[in-house]
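Once you have looked at the hints, place chain B on chain A.
Residue numbers (our numbering), protein chains in the order written: chain A, 1 to 452; chain B, 453 to 1271.
Everything labelled a hint here was simulated from the structure, so no lab data went into it. Careful, some of the hints might be misleading.
Listed below are the simulated EDC-like cross-link pairs for lysine to aspartate or glutamate, each with C-alpha atoms no more than 16 angstroms apart in a straight line [unchecked claim]:
id	chain 1	residue 1	chain 2	residue 2
1	B	Lys507	B	Glu489
2	A	Lys436	A	Glu135
3	B	Lys736	A	Glu135
4	A	Lys103	A	Asp53
5	B	Lys736	A	Glu89
6	A	Lys228	A	Asp326
7	B	Lys1147	A	Asp53
8	B	Lys775	B	Glu489
9	B	Lys1147	B	Asp1158
10	B	Lys713	B	Asp505
11	B	Lys475	B	Asp514
12	A	Lys278	B	Asp1158
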Amino acid sequence: MKQGLLLRGALFGAAIASLTLGSCKKDKEPSIDEPQNDTRWITLTAALKQTNDGDGNGGTLAYAISHDQAINPAFELDIFPVGKGLKLESPRTSRVQASADGKYLYDIQYTGADGGIFQKFRVDGQGKYVREGNEVNAAIILGTSPRWVKSAEGVGVGVSIANETLYTGTFPAVTFGSIKSTAAVASLNLDNPSILNTASFEVPFTAQQLAQGYSIGRIDVPIINQAKNKVYIGCNISKINPIGTPTQNATSGVVSWPSDAANIAGTVTIVLDYPTLKNPKLIWSTQSKYGNNGYRTMVQHIGDDGHVYQATGVNTTGCPHILRIDKNTNDYDNTYLFDLSQALNVTGAGIKAWRYLGNNKGFVMYDINKAGGYLALIDLNTKTATKIPTEYEARLNFDQHQSIAVQGDFVYVPLTPVSEAGNVFVYNWKTGVLTKGAKLANGTGHRFIGAY
Amino acid sequence: MKQALLTLTILFISCVVQAQTGKLSGKVSDQSGKAVEGATVQIKALNRMVPTDEKGIYELKDLSFGEYQLEISSIESRLYSTKVKINQDVVVHNAIVAPAGDKSLNEVTVVEKTVKKAMETSGFAVAIIETKEASLRNLTTNELLDRAVGVRVRQNGGVGSNVEYNLNGMSGSTIGIFIDGIEASTYGSSFNLNNIPPAMIDRIEVYKGVLPSHLTGDYVGGAINVILKKDASRNNATVAMSYGSFNTYNADASVIMRNNKSGLSFRGSGFYTYSDNSYEMWGKFAKYTDRNGILTRDFRAKRFNDTYKSIGGRFEVGFTDVKWADQFFLGYNISDTYKDIPHGTTTGQPYVGRFTEYQAHVFSLNYNKNNLFTNGLALNINAVRSSRSTYVQDTVTTLYNWDGNPLILHTDYMIEAGEPPIIMKAPMNGAQQGLPTISNVDRKIINARSNLAYTIVPGHRLSLNHKFERTDRDDTNLLRPVNKDLITVMEVSKNIVSANYEAETFGRKLRTNAMVKYTANNTMQTDPKATYNADGSYQLDPQTSRTFDDNFGYGATVSYNAVSKFYLIASMENSYIMPTEEQMYGNLENNILPNLGLRPEQNINYNIGFRLGILDFGKHKISFYGSAFWRNGYDKVTRQTVDSVVTDSDLDIQATSFVNLGRTQSRGVEAEVLYIFNNRLNAALNFSKFNALYKRNHDDNGVVDDRYNLQIPNEPFFTINANVQYRLNNLFQDKSITNVYYNTGFVGAYDIAWHPSEGSLTPAQFSHDLGASYRFPAGKIIASLDAKNVFNSALYDNFGVQKPGRGIYFKLNYTIGKF
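Isolated chain A (complex conformation) (with noise of 0.2 angstroms):
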């Protein structure tokens, strides 16, 4: 709370200190064109599209607004034109991160030329965004596609894994043995770029969990702990049926078990010991059954209470559900759930993108059976759930939804339907006041994705 009014009151200061900078620049030299450090801007980032309308495939547009340029629906913004904003140089939407003051941003390049590769741009409002320090090779580890966040401040966690399932005897006689679940993970300096520690280990089931077919296909968002002792990787946990038809790829010779997710017992967590990045364990919830490893958007937050709040099924499902894992004990509080159809009394509500705002409140981003982009502010305490509607609602798609922005009483969301023009959306979570703020233009098959 009392960080919020300072924010509030920082901002106020630096709104005021720009519009006095701003008059007096016509005064004095022309010359002087000083980063203005005080301005909290607001990055927003849209996807271009490569081939197919919507595809996110051409890479990512970044350009920061003040906070009155956001909340002014006079304020009309195309951050389309060639050299407007800031070109993040991927052939498909990277994972773009930032500083928690706004001030800096961190992009790790998916796919192309530079596939695996770390950048950290200063912010200096508008198209302005200035390369600092090291670029990293990350690919190394990760990928030329990797999974990665900022974990904590100053520290990027990114991770990858790979399978490979055991078996004896000759296709189509062949018997399961196990899937071999072997993952990587690197630490990275953001801010003096460079990998700080890299690991790799087999996923630790039980010989009966292996048995019975589990493995983990995909891991992302992962997250320091509070105390920053531990390291939390979210899973998406599969299952095949060890007694079903196996098949064989014909082109990479792979032989696979039908999928049994049906029996999945619920989603699991690695834990690692940190920095050391050592000691991996698995932790289970019963509570959900569908993976927690997020798609393109952080899902793990640190409430005020220093517990880590989870959301699982984002990447397939669109599921409902957010988890608690224990501060104490580093381990699932498998009693608690959070249950947004139920909180909001709909059917088929599946959560795309959420963020931890302060005093056990959430904002999320959500669609409805697949459909539609709707907004909520959620309760984690008392489990409720207030909708709040905008026009787009029915015609957005948050699938490749990366960040909301938070800055004291402020939300930030650029809402825009593909190829449609939009506004940045502010809601004020204290007072629950939404502004249709600044107009966004749109180009053909792009769409907005983010605010930083």
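Chain B in isolation, oriented as in the chain A frame:
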């Protein structure tokens, strides 16, 4: 097929009244009265050619009555040319030829220009590239092509790397690459334009847009047809060897023998190419990763993993100029290539230990006969059966840096924590690219083309073409064997029938050519439909499904000789092309992923242009060529960086796949000026500039698409080439000939992404090459020296892969005249 031909033949025989023919014979001797042996006597209009025997005697039978241009050429004499009239059963024409002087070479060149010219003014947008001179120099066939007007050879690295041809903005499968009218893919990667030396080639025809009927196929962008040397008129042998930068050496040899009595002929040729491709890269795409994972760009690195070696031979035995055939040859072509794959589609990460091997055994039959059964009926059959294999291996899991050493991570944190350094392995159980692989693909290809042409009356010719192609592909996974009983098998065969009608009217001033084309594709897919028993055994119940797809196309060309030496040429075409096997099913060794959803693309092309010259002003000769083209592509098949790896289990592969890019349009112009001074200086300048535009105007909701009319990324759209050659006689030694060359090429900057930014721009490129060749007085030895990219510019190509810097090459050619 056979039946159709037979029916047609009978049809022609029964319809056509026997025309009158006569025999032309005579003796060729020099000014001292000595018989000239091995001179070539030909009537170009009839495509007839015979050599003189040891007594200087020649004989051309079955010539229709009429007037012809008779040409006699030999290495010892100047070109002899005269008109002869065949108006009785036997016509005798004896010729006395002048000895070859210093100008003999030029004379030959001029003669060849007329062949070139005849084709270039036929209405097709065609350029003829002569290889005679290039064969004596350190030039590869691809380099030669890259200098031609409107041709851009996009090569992914050094010697032997993958090549894509771009003809005025059309590329990929829309371009047909032929060797003697048969798709080059039939011969496989071990015998292609990368390794066929210019010495084996007679000429290269580059068609832009509309194709003549003997090259019909699924091509609308044009074609490159490599005509291998056919001449078997006299015994001779040549050998050539070259060595140059980056440890590159080439050797080629050829021998031609003919028994003048029986007509039995043998042609043999072979080549060997080796290169380490160890050139330096220093551009923005070369990277180095240090022990903290920190990246250095612009890293100066020598390519250390790019060996290429290729060996091949072609042996043909048969008869020339015998009663039953003008040419009948049976041939065998063998080739073998080893090639390292040094990196993916970009140079981001070097690959070590990923390589491919190609091998091909090709048997061919070639038959042609003019005046078959009746005058004016010509049959040409070209059939090839190929058995080729491609092997790819990639099992090394260690990652390397561009300095040639394994990539080692030992971060400050690790050192502080007392952890040992880590030799990095490819992420996710991978090898250099994707999962470890050892695979072999065997292809058995039958490709046959037959052409039956009939000259109804002089100036009116009707021809019928048939092409049949079938490919059987057999993939073997040697690392994880797959039970082939259980694999779904696909077989694709293709038939193309085309007919065209050529006419020369208005006193031979107007030449027209109209054609129609029918393409039929058959696919047969056999699904084994296995059912498994509890003990792991299985039963098969194969289900075969067939698909049939056909389409129809048409085109026309016009050439009008408006005033002396000025020709207006125009052509148009409307046709479909099917996606190739590679585009649909992918190709691991070329980093291409499958896309089974590809649709055929339709193209409507127009070309209009002119040719002027050669204008002769005494010592100055000059000619001009200019052409404009307008091409409309629908569902154009285009190569695009990968975006298909989205499932959890897929590895991140640096690869591309082919996609349909909606409607496209390419409009542009190309032009060329040739200038000759005093038969000593030759200069040529050409340029090509086009706009390849995105043409979808509305999205699915009917809203205007803001990319409408934008330039499609990753197409070099502006190129200029210039070259100058100067000949010096009697330098150092009497009767020696020295040629010096200069060549420059410019490629305008182009972007590789839709939304341009600094990082995605491929910069403008300028290259300069110098060369000299020296012909020793005896005329048997020619030595040449070439310096390529003399200013060591950073040249880029596909996806920013840097090409070789400065290189010096030396070559020796030795000709053994007659024996």
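Taking only the CA atoms, is the gap from Lys103(A) to Asp53(A) under or equal to 16 angstroms? Roughly 31 angstroms between the alpha carbons, so the hint for Lys103(A) and Asp53(A) is violated.
Do the alpha carbons of Lys736(B) and Glu135(A) lie within 16 angstroms of each other, as the hint requires? Cα-Cα ~13 angstroms, so holds.
Is Lys775(B) close enough to Glu489(B), meaning Cα to Cα at most 16 angstroms?
violated, 21 angstroms
- prompt: Hey, Lys1147(B) versus Asp53(A), does the alpha-carbon distance stay inside 16 angstroms?
  reply: Distance of about 15 angstroms is within 16 angstroms: holds.
| query | Given the hinted pair Lys228(A) and Asp326(A), is their alpha-carbon gap at most 16 angstroms? | reply | holds, 14 angstroms
Pair hint outcome, Lys736(B) versus Glu89(A) [Cα-Cα no greater than 16 angstroms] = holds, 14 angstroms
* **Proposed proximity, Asp514(B) with Lys475(B) (alpha carbon, max 16 angstroms)** => holds, 6 angstroms
Worksheet entry | Agreement of Lys507(B) and Glu489(B) with the hint, judged by alpha carbon distance not exceeding 16 angstroms | holds, 6 angstroms
Requested in this report: Decide if the proposed pair is consistent with the structure: Lys713(B) and Asp505(B), CA atoms, cutoff 16 angstroms inclusive.
Outcome: holds, 8 angstroms
Satisfaction of hint between Glu135(A) and Lys436(A), Cα-Cα up to 16 angstroms: It is violated: about 38 angstroms lies between the C-alpha atoms, which goes past 16 angstroms.
>> So if I understand the rule, the pair passes when the alpha-carbon distance is 16 angstroms or less; does Lys1147(B) with Asp1158(B) pass?
In response: Roughly 10 angstroms separates the two Cα atoms, so the pair holds.
Would you check the hint for Lys278(A) and Asp1158(B), treating anything up to 16 angstroms between C-alpha atoms as holding?
violated, 51 angstroms
In this structure, the hints that do not hold are numbers 2, 4, 8, 12, in rising order.
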